[in-house]
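Student: Sequence:
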Amino acid sequence: METSSTVFYANNLTDILYQLKNVSRVELCAGCTTFQQLPPIALIIRNVEELKFIDKRERFVEFGASVPLSVILDLGQKRLPSFFYEAVKSIANPFIRNMATIGGNICRTDVRGTLYAPLLASDASLDFRTANEVITIPMTKFFGIPKGGFLTKIRLPLEEWDISVFRQLNPVLRLNENSASFVFLAKTEKGILLKIRIALCGLIRFRSGDLESRLLSSKLPLSKKTIEEILELAGNKFDKEANEFMLTTDRDYSQTFFILRVKFLNVLKYSLYLLT
Numbered sequence: 001m002e003t004s005s006t007v008f009y010a011n012n013l014t015d016i017l018y019q020l021k022n023v024s025r026v027e028l029c030a031g032c033t034t035f036q037q038l039p040p041i042a043l044i045i046r047n048v049e050e051l052k053f054i055d056k057r058e059r060f061v062e063f064g065a066s067v068p069l070s071v072i073l074d075l076g077q078k079r080l081p082s083f084f085y086e087a088v089k090s091i092a093n094p095f096i097r098n099m100a101t102i103g104g105n106i107c108r109t110d111v112r113g114t115l116y117a118p119l120l121a122s123d124a125s126l127d128f129r130t131a132n133e134v135i136t137i138p139m140t141k142f143f144g145i146p147k148g149g150f151l152t153k154i155r156l157p158l159e160e161w162d163i164s165v166f167r168q169l170n171p172v173l174r175l176n177e178n179s180a181s182f183v184f185l186a187k188t189e190k191g192i193l194l195k196i197r198i199a200l201c202g203l204i205r206f207r208s209g210d211l212e213s214r215l216l217s218s219k220l221p222l223s224k225k226t227i228e229e230i231l232e233l234a235g236n237k238f239d240k241e242a243n244e245f246m247l248t249t250d251r252d253y254s255q256t257f258f259i260l261r262v263k264f265l266n267v268l269k270y271s272l273y274l275l276t
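For the record, in the sequence shown the residue sitting at position 179 is 179 according to full-length UniProt numbering, with numbers rising by one throughout.
In short, the hints are calculated from the structure, not lab data. Keep in mind that the hints are not guaranteed to be accurate.
Straight line, CA to CA, 20 Å or less: simulated SDA-like cross-link-like pairs of lysine to any residue [what the hints assert, rightly or not]: (1) K195 <-> T226; (2) K219 <-> W161; (3) K89 <-> M99; (4) K195 <-> L211; (5) K78 <-> K187.
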């Protein structure tokens, strides 16, 4: 049976802070890329102009949390990292992207959205506003919205990569528990692997410092033996993350993770062979 919701609308940041302080159990809603029922008490923030800015600098670009995905695409492929542009373009369809916002995609609470892996791989950071302060959290340390806070800004580094791979591992219009996005980034110089980033996000968030460290400073081209060792290590790290997740739920996700593991290792293998 459908239940009605009490809906508030914010016109500015002051409205948001006031409602968070004075309305018990209110939940913020922007444009998200999923089909979800409104919470019992909802605060709509998609029309707050202070959250709709884009500020592009030489080394980074900043997005307000309520910037629609279509507006991000309007910047053009040459002004954004290719893997990030591809990730935004892969989300839903043009109609949905006109309504969906970057903040809504990031702040999902069930399955991590498509943009989570690109932001995690690129060492992006998030700004959250509370009544007393602005809290900056690197994506590598982001596990939840600070109490009493809301997302205001996303900073995406504009670093150049020699190899960049983005894949949507379950390319359907609707995100679900089988959805995940993958990003592989590599920078090389004089036959040496200088930087490497590997991220997978869906039900779990995967980025392993041990895995990346194992590859750093490797001589190129990578050998078949090295690739096999990396794939074995990646599989073990994936299993650890999946097992830890399954300890937090009563549902059986073993088949979901089995399929995701196969897809992850296949696309990682493809990416590693680009370094041969």
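Student: Evaluate each hint against the coordinates.
Tutor: Results for each hint:
Taken as a hint, the K195 and T226 pair is honoured in the structure, with Cα atoms around 16 Å apart against an allowance of 20 Å. Restraint check: the Cα-Cα separation between K219 and W161 comes to about 17 Å, which is no more than 20 Å; the hinted pair holds. Only pairs whose Cα atoms come within 20 Å are accepted, and K89 paired with M99 is accepted, the gap being roughly 14 Å. Pair hint K195 plus L211 holds up; C-alpha atoms about 12 Å apart against a cutoff of 20 Å.
Our distance criterion of 20 Å between C-alpha atoms is met by K78 and K187, whose separation comes to about 19 Å.
In summary, the structure agrees with every hint in the numbered list given earlier.
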